[in-house]
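Asks: Each chain, written out:
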Amino acid sequence: MTARGEMILEQPAADTLKVILSGHWKLGGELPGADQVQQTLEGKPGVRNLVFDTRELANWDSGLLTFLMNLGTLCSRRQIYLNRDGLPQGAKKLLELALAVPEKKDARTAEARVSFLTYLGNQTVYFIRSAGEMLEFLGDTVVAVLRLLRGKAQYRRADLGLIMQACSAQALPIVSLICFLVGLILAFIGAIQLKLFGAQIYVADLVGIAMVRLMAAIMTGIVMAGRTGGAFAAQLGTMQVNQEIDALKTLGVSPMEFLVLPRMLALALMMPLLCLYANLMGILGGMVVGVGMLNIGFIEYYNETVKAVGLWNLGIGLFSGMVFGVIVALAGCMRGMQCGRSASAVGEAATSAVVTAIVGIIVSTAVITVLCNFLGI
Amino acid sequence: MTEKEAHITVQDLTMAYGDFVLMRDLTFTINRGDIFIIMGGSGCGKSTMMTILIGLKAPARGKVFYGEVDFWGADPETRDRIIRRAGVMYQSGALWSSMTLAENVALPLETYTDLSPGQIREVVKLKLALVGMAGFEEFYPSEISGGMQKRAGIARAMALDPEILFFDEPSAGLDPVSARRLDDLILELRESLGTTMVVVTHELASIFAIGNNSVFLDVSKRTMTATGNPSQLLAETRDPNLRLFLTRGEKS
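Protein sequence lines, in the order shown, are assigned to chains C and L. Quick note, the first sequence lines up with residues 1 to 377 if you use the numbering used here. Quick note, the second sequence lines up with residues 1001 to 1252 if you use the numbering used here.
Incorrect hints may have been included.
[To be verified] Every beta carbon over 12 Å from chain L, so not counted as near; a handful from chain C, in silico: (1) G86; (2) G90; (3) T124; (4) L177; (5) I192; (6) V288; (7) E304; (8) G315.
[What the hints assert, rightly or not] In the BS3-like style, the derived pairs of lysine-lysine whose C-alpha atoms are separated by at most 27 Å in a straight line are: (9) C:K249 x L:K1125; (10) C:K26 x C:K92; (11) L:K1057 x C:K249; (12) C:K307 x C:K249; (13) C:K195 x C:K307; (14) C:K152 x C:K249; (15) L:K1004 x L:K1063; (16) C:K195 x C:K249; (17) C:K249 x L:K1004.
Derived from the structure by calculation, the hints contain no laboratory data. Treat the numbers as computed from the prediction; the structure is a model and nothing was measured. By construction, the Cβ of each residue, glycine as well, lies at the ideal position given by its N, Cα and C atoms.
Only chain C is shown next, with the shape it has when bound in the complex (with noise of 0.2 Å):
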């Protein structure tokens, strides 16, 4: 192609360097840079004066204007003179106007470089300050749940009705795939080990318990962080980008009692009921190997299950999908009271919402167990 941008240099005067440009000066095309006239110039140190020469030039757009800016700033560093009287009317205009505004230096402190003790002293008082945080919102949330109890809690019925909506019946299909599925898993693993000792029907017993105690739980409250979770951040987050909760603060309305309390509430109240429902979820997909495939009656699976699960297990299952109803509740809500002010941040906001809900869920699991193997239950 013909069309590029050509530059010739002259030297007319002891002091005086011409810049000749001709052709197409369009961005996209081959461009000469400013780093060939600083070439030049660097063997002619006793050129002050630089010239313009544009007769010969047929268009142009930002491709010279880039040009042009570069070599103002190579020109300012070198002090020689920079006379635009050569060149187009049109880039001459717009030159100006760009350098109107002087470059603000010190309005963003530039980001240095920082030596590895020096950010890791950073990320400790970070991690000590985010911990902080956590801890001032749990306190907050206790403050909330006592006004409740004393019945002066500000947040409207209906949100509460919404939200048990969203966070219950809407689950249903997700938790009954999931539970499902995981029940069947857990009687396929079982079923090759118990087939080795001809104990088949063991896998009722380890389904049964398995799921009601632990796994019905752990499932629905993962399910539960992705789909739930992950929405209150975002809710919040976005809230906090319009203003939302700005005007709440300012007419004197509790956030924590207006926004968190019924997530909260919701969570805790349909959690264990989401829980019921996995166990018998995951019982029936232990019930379609075991009846299906290991030939065990229908009536003897079911009085089996009947058996082995006692009410303890399954008084532990439902507390503890109530607790981790209350933990993905609050990793949303204060991941999303935490947001900051930009659509990227409620992205973050809704990750970092889903990530606490889930190791907070593994954590309490872990802590849960221990005691229960304490307390002998």
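Starting from the structure of chain C, add chain L where the hints point.
Replies: Here is chain L on its own, set in the frame of chain C:
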């Protein structure tokens, strides 16, 4: 109004984000019944100034007095009580998106008054009618235009008949006619209710049309350079930055 009574007094205020100082040494007084303009170029901290005045962000240094009470020195309960007598219109309206306009305006009334649901419905209707939004009661914020959201935001801000109304860039993003009607609304509310208005804006037409007192925040000097009636400032100022701002940079 013969005797001017100070409503909000700002003393030696410094606003900062971490180490980055936005504005320092701000001292000015907002009188009762003023339409007070906080003006300045973009990024000068006008909106930050407002967040400090309404209790959302603590100043780095200095004091804000509401009447005689030291606003930031007081405990949170006192602050809550003071700010409850103020209404705030946010830049984008900040209507609660999960509620209809009627519910938005009703929430302050439900929270702080003993009105019956029927009475609240009537008040809501009146407030929405005042801002020209009659008939939009059952709409959700996402279903109406940006300008309408702003007006509904005003209706919510004045739900409790506050003593002070804060406006964050009321005319930004509005067409000239709507902006003008909003100015008229602000003037009318001041005339009839005696509300003190604090308006953050850089809309010149509005500044001269409604403002009777103002403060100019100069972004290059990091402090305020003038306070007083905007028209008077234009007539008397020698400060080139302020003159440039008040004349849109056009030479007279």
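Asks: Test the statement that C:G315 is away from the interface with chain L: the closest C-beta pair must be farther apart than 12 Å.
Replies: holds, 36 Å
Asks: Given the hint that C:K195 pairs with C:K249, does the C-alpha gap stay at or below 27 Å?
Replies: violated, 63 Å
Asks: If I take the minimum Cβ distance from C:E304 to any residue of chain L, is it greater than 12 Å?
Replies: holds, 48 Å
Asks: Does the claim that C:G90 lies off the interface hold, with its Cβ farther than 12 Å from every Cβ of chain L?
Replies: About 21 Å separates C:G90 from the closest Cβ of chain L, which puts it past 12 Å; holds.
Asks: Can you confirm whether the C-alpha distance between C:K195 and C:K307 stays at or below 27 Å?
Replies: Distance of about 20 Å is within 27 Å: holds.
Asks: Examine each Cβ of chain L, and state whether all of them lie more than 12 Å from the Cβ of C:I192.
Replies: holds, 50 Å
Asks: According to the definition I'm using, a residue is off the interface if its beta carbon is farther than 12 Å from all beta carbons of the partner; does C:G86 meet that for chain L?
Replies: holds, 29 Å
Asks: Check whether the Cα positions of L:K1057 and C:K249 lie no farther apart than 27 Å.
Replies: The hint holds at about 12 Å.
Asks: Sort out whether L:K1004 lies within 27 Å of C:K249, counting only the CA atoms.
Replies: With a Cα-Cα distance of about 30 Å, the restraint between C:K249 and L:K1004 is violated, given a limit of 27 Å.
Asks: Does the alpha-carbon distance linking L:K1004 and L:K1063 stay inside the 27 Å limit?
Replies: holds, 21 Å
Asks: Taking 12 Å as the cut and beta carbons as the points, is C:V288 off the interface with chain L?
Replies: About 41 Å separates C:V288 from the closest Cβ of chain L, which puts it past 12 Å; holds.
Asks: Confirm or reject the statement that C:T124 sits farther than 12 Å, beta carbon to beta carbon, from all of chain L.
Replies: At about 18 Å from chain L, C:T124 clears the 12 Å cut-off, so the statement holds.
Figure legend: structure checked against the earlier numbered hints; hints not met, in rising order: 12, 16 and 17.
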